[in-house]
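Enquirer: Using the sequences plus the hints, can you model the full thing?
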Amino acid sequence: MSTEIFGFDGVNVWVDGLVRVLLIVGFMTVVVMGLIYGERKILARFQQRLGPTRTGPVGLLQSVADALKLVGKEDLRPRNADAWTFELAPYLVFVPVFLGFVIVPFVLDWQVRILELGLLYFVAVTGINIVGWIMAGWGSDNRYAMIGGMRAAAQGISYELPLVLSLLAVAMVVEVPSDSATGESLRGSLNLNEIIAAQAEIPNLVWQPLVLIVFFIAALAELNRTPFDIPVGESEVVGGPFVEYSGIRWSMFFLAEYAALLIMSLIFAAVFLGGWAWPAGLFQDDPWPRWAQALLVTGKAGLFIFMVFWVRASVPRLRIDQLMSFTWKILLPLMFAQVLINGLVLVYDWPEIVLTVTGLVGVLVLVMAVDRAVRHPRPRPAPATQLEGEAAS
Amino acid sequence: MIPDEFGRVVILLGVALAFPALPLLVSYLLYLFHIRPERPDPIKHETYECGVIAEGGSWGQFNARYYLFALGFVIFDVEVVFLYPWAVIHADLAATALVKAAIFIGILAFGLAYAWKRGALEWR
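Residue numbers (this note's numbering), protein chains in the order written: chain X, 1 to 393; chain P, 1 to 124.
Since the hints were derived computationally from the structure, they do not count as laboratory data.
The beta carbon of each residue, even a glycine, is placed where N, CA and C say it ideally should be.
Warning: the hint list may mix true and false statements.
Covered by chain P, per the in silico footprint, the following chain X stretches (three or more residues, Cβ under 8 Å) [what the hints assert, rightly or not]:
| # | stretch |
| --- | --- |
| 1 | 213 to 225 |
| 2 | 276 to 287 |
Cross-link-like lysine to any residue pairs, in silico, SDA-like; alpha carbons within 25 Å at most [unchecked claim]:
| # | chain 1 | residue 1 | chain 2 | residue 2 |
| --- | --- | --- | --- | --- |
| 3 | X | 329 | P | 70 |
| 4 | X | 41 | X | 367 |
| 5 | X | 73 | P | 65 |
| 6 | X | 41 | X | 29 |
| 7 | X | 69 | P | 113 |
| 8 | P | 117 | P | 71 |
| 9 | P | 117 | P | 65 |
| 10 | P | 100 | X | 348 |
| 11 | X | 73 | P | 23 |
| 12 | X | 69 | P | 22 |
| 13 | P | 44 | X | 28 |
| 14 | X | 73 | P | 113 |
| 15 | P | 100 | X | 186 |
| 16 | P | 100 | P | 81 |
| 17 | P | 100 | P | 112 |
| 18 | X | 69 | X | 25 |
| 19 | P | 44 | X | 68 |
| 20 | X | 73 | X | 28 |
| 21 | X | 69 | X | 36 |
| 22 | X | 73 | P | 50 |
| 23 | P | 44 | X | 85 |
| 24 | P | 117 | P | 70 |
| 25 | X | 69 | P | 23 |
| 26 | X | 73 | P | 52 |
| 27 | X | 329 | X | 348 |
| 28 | P | 100 | X | 349 |
| 29 | P | 100 | X | 85 |
| 30 | X | 329 | P | 46 |
| 31 | X | 329 | P | 104 |
| 32 | P | 44 | X | 77 |
| 33 | X | 69 | P | 44 |
| 34 | P | 100 | P | 84 |
| 35 | X | 69 | P | 28 |
| 36 | X | 73 | P | 17 |
| 37 | P | 117 | X | 367 |
Expert: Okay, here's the thing in structure tokens:
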């Protein structure tokens, strides 16, 4: 069925796959450039500035100018850096993010390939880029880079857990129509198309409000965005793992960062806001035309991206001890509880409203925990006998 | 059909590997045509450390607290992977499957509580 799009019917599968992949590459590059411009513009507005205005009409060509400048810059490698690790690190940050695009459903029946294990595949491939961060940090042989790389690893793996568990919790509640003859339906799917189709009338955000918030927080941390940007904080570790990179290799990290933002937003739109299906399913049984679906998905993903920028403009950076406590002591137990509650409700066929209520209670607990932490902050931990990341010698 | 499930992943992997090479190639071409500068300099290739000469390398000992969190991650992440197959089919299994999963998660939660109690989650 999926090969009928754009008149690809009967075309060799490999050619079809290649065309789709190239379309997505082009799409991603353009969107990333737009996102960089958009972030600078929106952030500037939050800070009562104008942002880029000089290049092109209202600064629209800023990203193009930046890209040209970066390509034309000298590609430096510090003398002491480990050549292989240093030069391969951008690849390992970039490629996993890119691989995630396989499962992203842009509109109905249009994606590189819907995998039956979609969400598992997503968390599996996007987790790899932590290796790239460590390689960048270690390979540079720079103390700032080393500390940044270590922090990126610690934060990346810690927030991976709530992220994976939140996707798991959502996968549990998805209702999949299985047997048209008996009208029975199954629960639970990792296939993104099924997840979206199940939300045609009511998006998952209604059933899983807590999971949505935890996913958003964990996604912020996975993307190393403020307030979780300690690995790259300019005022602490001057750019972290990127400190020794320049020119084209540095731009690869940037590209990967925004590509990751884009893919997270699309996953968010698909998993929690019903992708292309909701609210179309409220009015008619058939899906809306493709352009309307594309608009829906763009709007939902745009909402996520805007919220990321908004948080960046509003919230200061967390300290690393606060950051680690937050995920291990609050997010992780909450997600375990949510998974168990989902299991209880679905196995015993309790009314679904229980999911909403318990989710809202969970949100309340989360808010109260954060409120308590803000009102009664723990003292800063005593400085260690040796500096973080400092060699003992 | 091999090309049709993960075959496309392989295609995307190929493109993903080739895509970053493209700007590198452009960058190299610019260098060949003397548009991009390439002027090595001993000071420029020094490790950056806010203007002072870096003493010693950074590949030394590192604080063990990172290691603790990495251990915790490995344990929990592996366990979560085991939960995925259960999550997909749990509603069609008997209630005993839920009990088993609850025991499984309970062991995890106990491990988390233990690590918490022992102070492994404190950032020192």
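Enquirer: Give a verdict on every hint.
Expert: Hints and how they fare:
{"no.": "1", "hint": "213 to 225", "in the structure": "violated (count 0)"}
{"no.": "2", "hint": "276 to 287", "in the structure": "violated (count 0)"}
{"no.": "3", "hint": "X:329 x P:70", "in the structure": "16 Å, holds"}
{"no.": "4", "hint": "X:41 x X:367", "in the structure": "31 Å, violated"}
{"no.": "5", "hint": "X:73 x P:65", "in the structure": "38 Å, violated"}
{"no.": "6", "hint": "X:41 x X:29", "in the structure": "19 Å, holds"}
{"no.": "7", "hint": "X:69 x P:113", "in the structure": "52 Å, violated"}
{"no.": "8", "hint": "P:117 x P:71", "in the structure": "16 Å, holds"}
{"no.": "9", "hint": "P:117 x P:65", "in the structure": "16 Å, holds"}
{"no.": "10", "hint": "P:100 x X:348", "in the structure": "15 Å, holds"}
{"no.": "11", "hint": "X:73 x P:23", "in the structure": "12 Å, holds"}
{"no.": "12", "hint": "X:69 x P:22", "in the structure": "16 Å, holds"}
{"no.": "13", "hint": "P:44 x X:28", "in the structure": "34 Å, violated"}
{"no.": "14", "hint": "X:73 x P:113", "in the structure": "51 Å, violated"}
{"no.": "15", "hint": "P:100 x X:186", "in the structure": "20 Å, holds"}
{"no.": "16", "hint": "P:100 x P:81", "in the structure": "16 Å, holds"}
{"no.": "17", "hint": "P:100 x P:112", "in the structure": "18 Å, holds"}
{"no.": "18", "hint": "X:69 x X:25", "in the structure": "21 Å, holds"}
{"no.": "19", "hint": "P:44 x X:68", "in the structure": "22 Å, holds"}
{"no.": "20", "hint": "X:73 x X:28", "in the structure": "23 Å, holds"}
{"no.": "21", "hint": "X:69 x X:36", "in the structure": "15 Å, holds"}
{"no.": "22", "hint": "X:73 x P:50", "in the structure": "21 Å, holds"}
{"no.": "23", "hint": "P:44 x X:85", "in the structure": "20 Å, holds"}
{"no.": "24", "hint": "P:117 x P:70", "in the structure": "18 Å, holds"}
{"no.": "25", "hint": "X:69 x P:23", "in the structure": "12 Å, holds"}
{"no.": "26", "hint": "X:73 x P:52", "in the structure": "24 Å, holds"}
{"no.": "27", "hint": "X:329 x X:348", "in the structure": "29 Å, violated"}
{"no.": "28", "hint": "P:100 x X:349", "in the structure": "18 Å, holds"}
{"no.": "29", "hint": "P:100 x X:85", "in the structure": "44 Å, violated"}
{"no.": "30", "hint": "X:329 x P:46", "in the structure": "42 Å, violated"}
{"no.": "31", "hint": "X:329 x P:104", "in the structure": "19 Å, holds"}
{"no.": "32", "hint": "P:44 x X:77", "in the structure": "9 Å, holds"}
{"no.": "33", "hint": "X:69 x P:44", "in the structure": "19 Å, holds"}
{"no.": "34", "hint": "P:100 x P:84", "in the structure": "14 Å, holds"}
{"no.": "35", "hint": "X:69 x P:28", "in the structure": "14 Å, holds"}
{"no.": "36", "hint": "X:73 x P:17", "in the structure": "22 Å, holds"}
{"no.": "37", "hint": "P:117 x X:367", "in the structure": "23 Å, holds"}
Hints 1, 2, 4, 5, 7, 13, 14, 27, 29 and 30 from the list above are not met by this structure, while the remaining hints are.
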